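Protein chains in written order, with the numbering used here: chain Y, 1 to 447; chain Z, 1 to 447.
Keep in mind the hints are simulated off the structure, nothing from the lab.
Among the hints, erroneous ones may be present.
One copy or two, either will do: identical chains are not told apart, so a pair holds if it fits within one copy or between any two.
Derived lysine-lysine pairs resembling DSSO-like cross-links, with alpha carbons at most 27 Å apart [to be verified]:
no.: 1; residue 1: Lys360; residue 2: Lys445
no.: 2; residue 1: Lys69; residue 2: Lys445
no.: 3; residue 1: Lys146; residue 2: Lys445
no.: 4; residue 1: Lys133; residue 2: Lys412
no.: 5; residue 1: Lys360; residue 2: Lys142
no.: 6; residue 1: Lys294; residue 2: Lys146
no.: 7; residue 1: Lys446; residue 2: Lys360
no.: 8; residue 1: Lys152; residue 2: Lys215
no.: 9; residue 1: Lys446; residue 2: Lys152
no.: 10; residue 1: Lys69; residue 2: Lys446
no.: 11; residue 1: Lys231; residue 2: Lys69
no.: 12; residue 1: Lys360; residue 2: Lys69
no.: 13; residue 1: Lys445; residue 2: Lys294
no.: 14; residue 1: Lys2; residue 2: Lys231
no.: 15; residue 1: Lys360; residue 2: Lys412
no.: 16; residue 1: Lys446; residue 2: Lys2
no.: 17; residue 1: Lys215; residue 2: Lys360
no.: 18; residue 1: Lys215; residue 2: Lys446
no.: 19; residue 1: Lys412; residue 2: Lys445
Bear in mind the structure is a predicted one, so any value in this text is a computation, not a measurement.
There are 2 protein chains.
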Amino acid sequence: MKFVIIGGDAAGMSAASRAKRSRPEMEVIVLEQTEDVSYSACGMPYNIADADREMEDLVVRRADVFRQKQGIDLFTGYVVETIDRQNRTVSGTIGHNREPFRFVYDQLLIATGGRPILPDLPGFDLPGVVALKSLADGKRIKAYLKAQTVQKAVIIGMGYIGLEMAEALRERHIAVDMVKPGPDLLPWMPRELAGVVQAELAAHGVGLHAGHAVKAIEPADSAYTVVCEDKTLSADMVLVAIGIHPNSELAEAAGIELGPAHAIAVDRRLRTSDPSVFAAGDCADAVHVVTGEKTWIPLALRANRAGWAVADNVCGTPAELDGVAGTAVFKVFDLEVARSGLSIAEAERAGFDAVAVTIKSRSRAHAHPGARTIHVHIVGDRRSGRLLGAQMVGPEGVAHRINAVAVALHAKMTVATFAQTDLAYAPPFGPVWDPLLTAANQLLKKM
Amino acid sequence: MKFVIIGGDAAGMSAASRAKRSRPEMEVIVLEQTEDVSYSACGMPYNIADADREMEDLVVRRADVFRQKQGIDLFTGYVVETIDRQNRTVSGTIGHNREPFRFVYDQLLIATGGRPILPDLPGFDLPGVVALKSLADGKRIKAYLKAQTVQKAVIIGMGYIGLEMAEALRERHIAVDMVKPGPDLLPWMPRELAGVVQAELAAHGVGLHAGHAVKAIEPADSAYTVVCEDKTLSADMVLVAIGIHPNSELAEAAGIELGPAHAIAVDRRLRTSDPSVFAAGDCADAVHVVTGEKTWIPLALRANRAGWAVADNVCGTPAELDGVAGTAVFKVFDLEVARSGLSIAEAERAGFDAVAVTIKSRSRAHAHPGARTIHVHIVGDRRSGRLLGAQMVGPEGVAHRINAVAVALHAKMTVATFAQTDLAYAPPFGPVWDPLLTAANQLLKKM
């Protein structure tokens with residue numbers, strides 16, 4: 001039995017390790033186009049923030065370990081170019097010499113991940129214009145910061161990678177301007193919560209330029225000029241962080257069906273439209289637990305979990321995944337920002353009779369020293385009474401609190417039942433009525 | 001309509017406020033034996049820790065506000081001695097003069113709370129022997145610490161009040177010894193987790209003397225001697241923190257049925273065996289969401305919630321409470337300790353085919369600076385596959401993480417489903433696989 005995996009990142013290596021562990025006799029072949037496997041991609045902004053740390057610190061397990069200790073046939077520098085489903089083969093070329101290779105599979109996993117979106121505009125190919133997705137990207141940014149005198153950076157995009165990188169670059173005393181075409185920072189949030197994030201960025205000297213579409217990046221005297229219609233920004237380095245795109249072209253060319261956002265369509269067992277071919281990780285879609293519809297939310301936990309599930313299915317232990325709740329958390333300087341489930345706009349688009357409230361609560365009990373403000377936004381469905389999602393912002397007590405919402409969404413809990421849950425209370429950690437419960441109680445009144 | 005409430009603490013004042021808000025024409029009468037209403041009882045250890053803060057800081061709303069702004073007939077210093085269910089009256093005496101009073105009710109709420117257990121042993125009535133439950137207790141301790149030179153304290157009991165007070169007294173540079181008859185600190189925890197708490201206490205200079213039953217407290221030269229069979233401990237102050245007892249005698253004398261631990265038995269609407277009489281707060285029992293059986297777990301959130309539900313029921317909006325999951329969190333110096341649901345011993349006693357695992361995980365991602373160890377213990381039922389409970393200990397990321405378990409317990413979720421939940425991930429806040437998910441995955445293997 002030959003199990004071939006295209007892509008040696010989170011989903012691919014999770015699948016490879018688990019398959020080999022449960023079926024040591026299985027031939028597990030991983031074809032990875034870069035030299036890097038198994039690293040903490042999400043840790044890159046924090047590593048970049050610290051000039052003294054090596055990017056290699058983020059490597060969780062080296063290729064050698066997978067090869068020698070785990071017995072996985074891991075090939076790095078192997079670029080797969082074609083999947084031949086008729087003959088069950090994958091073929092491509094190796095490294096710079098472009099020597100051809102060809103592997104036969106019984107079961108195939110496509111775990112090709114995603115790549116940063118780079119607009120087709122002048123100047124986005126200049127050397128100081130960077131993106132951040134792979135470890136190689138991270139190394140490139142770090143090397144650039146070391147070799148060049150970077151005093152000013154422009155970040156195009158205001159998503160969570162952009163925000164984490166704004167913090168990282170400010171830590172290195174680099175001036176940061178952020179620019180995006182849309183008018184709103186974090187448009188999926190209510191303005192009240194986004195305003196808290198905006199104030200935090202301003203307090204840390206980050207310039208925000210929402211409502212300005214970048215037209216070009218031009219080389220200037222000693223650096224670059226980021227050109228918008230009605231504004232120019234000067235920078236020694238430009239980070240493009242406007243989102244990622246699933247690497248689904250290989251699958252599409254092989255006639256495999258795609259789902260939302262051109263991600264590879266998979267069922268709950270991670271099978272594509274070809275029953276011998278699985279897909280997992282940032283290249284594959286998922287079911288949203290709130291809507292029951294297909295969605296594409298590329299996140300690390302799902303990639304790892306999907307890799308495991310593919311391994312189980314390949315090894316004959318049927319495994320189905322529930323779906324994703326769209327839970328995400330990120331840190332912006334001293335703020336924690338978290339969400340799970342649908343925003344009110346997403347809920348309306350999905351056909352719910354959505355209603356939401358936004359409340360302010362405290363991170364610690366009445367009269368407990370050091371209490372800070374936590375903002376909570378919570379969304380419910382009038383018809384079914386169901387909880388649909390929540391968002392939170394605050395300097396403490398946000399990151400893990402959101403998990404209560406995630407679990408409630410998996411359970412398809414009503415707001416009324418959620419409002420009755422026995423959440424933890426002690427004065428250093430929150431008020432008697434947890435901010436989420438206060439929000440749920442307020443939402444109930446409106447429902 | 002006359003709604004009479006015995007007890008002006010969390011449950012009583014929550015009920016009074018909510019009833020008056022929804023039915024302003026209703027006569028709401030609260031009879032409180034002390035002078036204090038509406039204060040953060042759980043905040044007392046943290047207040048005691050700081051000599052410069054006033055105990056009054058913990059008062060959330062003064063009696064005057066309830067009387068004048070909210071229109072509640074709040075009587076303090078009123079000790080209820082008899083409930084006459086036949087004639088629907090409560091009667092008792094006022095203050096030191098013991099003037100008699102008598103009120104007629106249409107609906108009655110018994111919210112008499114609990115009181116610290118004080119063993120009937122020699123010396124427990126000495127002036128420097130204190131307990132902590134009411135605000136008056138807190139004031140007494142604070143005054144004692146101010147008036148006397150307290151260099152050494154002995155705490156009898158090692159529950160969470162005892163532990164919080166150990167920290168508070170150490171903050172005031174008072175030497176602390178803790179003593180209890182049983183052999184184990186936090187016996188509901190596996191030894192591995194309790195060991196972490198024990199090490200934290202030792203690191204902060206708290207002497208632990210488990211396995212020593214106190215026989216007496218004797219006045220010594222300038223202080224007290226706490227006498228055990230085979231050990232004596234010297235102290236300037238002795239705190240008795242061996243648990244609380246529900247104040248259910250008044251109800252029992254009136255022929256109202258009691259439940260577990262002599263708490264007043266109530267149904268999901270908080271009705272006692274007399275349909276005109278409700279009970280809520282530390283004096284009343286509850287249904288455990290995991291076992292479906294009656295239990296008595298006196299905690300602040302439940303008291304507030306039950307007060308609200310009584311008000312709704314009295315006002316004609318039927319309200320049922322789900323029950324409690326036994327969620328609790330407390331801080332012990334730099335550690336967070338949390339639990340929800342059943343321990344393995346409790347699960348076995350309740351008839352489950354219980355199985356548990358204990359794991360170690362990290363509070364931050366691989367290679368993220370400052371990561372600390374989080375210990376997780378998780379309990380499931382082999383027969384139904386259900387999650388039954390979890391416990392966690394760690395220096396960060398514990399207090400709010402437990403809420404995910406609490407919600408799962410309310411949803412009667414299986415371990416398999418819980419293991420699939422989309423919990424939040426970002427490097428500063430945890431590993432890709434949340435410690436709870438890692439624990440659930442390990443537990444699944446064992447189930």
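Outcome of the hint check:
1. Lys360 - Lys445: within (16 Å within a copy, 42 Å between copies)
2. Lys69 - Lys445: between (59 Å within a copy, 23 Å between copies)
3. Lys146 - Lys445: neither (56 Å within a copy, 47 Å between copies)
4. Lys133 - Lys412: neither (33 Å within a copy, 39 Å between copies)
5. Lys360 - Lys142: Neither, since 39 Å and 33 Å both go past 27 Å.
6. Lys294 - Lys146: neither (43 Å within a copy, 65 Å between copies)
7. Lys446 - Lys360: Classified as within: same-chain Cα gap 16 Å, cross-chain 43 Å, threshold 27 Å.
8. Lys152 - Lys215: within (19 Å within a copy, 72 Å between copies)
9. Lys446 - Lys152: Classified as neither: same-chain Cα gap 47 Å, cross-chain 54 Å, threshold 27 Å.
10. Lys69 - Lys446: between (58 Å within a copy, 25 Å between copies)
11. Lys231 - Lys69: Neither way: Lys231 and Lys69 sit 55 Å apart in one copy and 56 Å across, limit 27 Å.
12. Lys360 - Lys69: between (52 Å within a copy, 23 Å between copies)
13. Lys445 - Lys294: neither (31 Å within a copy, 30 Å between copies)
14. Lys2 - Lys231: neither (56 Å within a copy, 69 Å between copies)
15. Lys360 - Lys412: within (25 Å within a copy, 30 Å between copies)
16. Lys446 - Lys2: neither (57 Å within a copy, 29 Å between copies)
17. Lys215 - Lys360: Close neither inside one copy (39 Å) nor across copies (51 Å); limit 27 Å.
18. Lys215 - Lys446: For Lys215 and Lys446, the Cα distance exceeds 27 Å both inside one copy (44 Å) and across copies (58 Å).
19. Lys412 - Lys445: both (20 Å within a copy, 26 Å between copies)
Going through the hint list in order, the structure does not satisfy hints 3, 4, 5, 6, 9, 11, 13, 14, 16, 17, 18.
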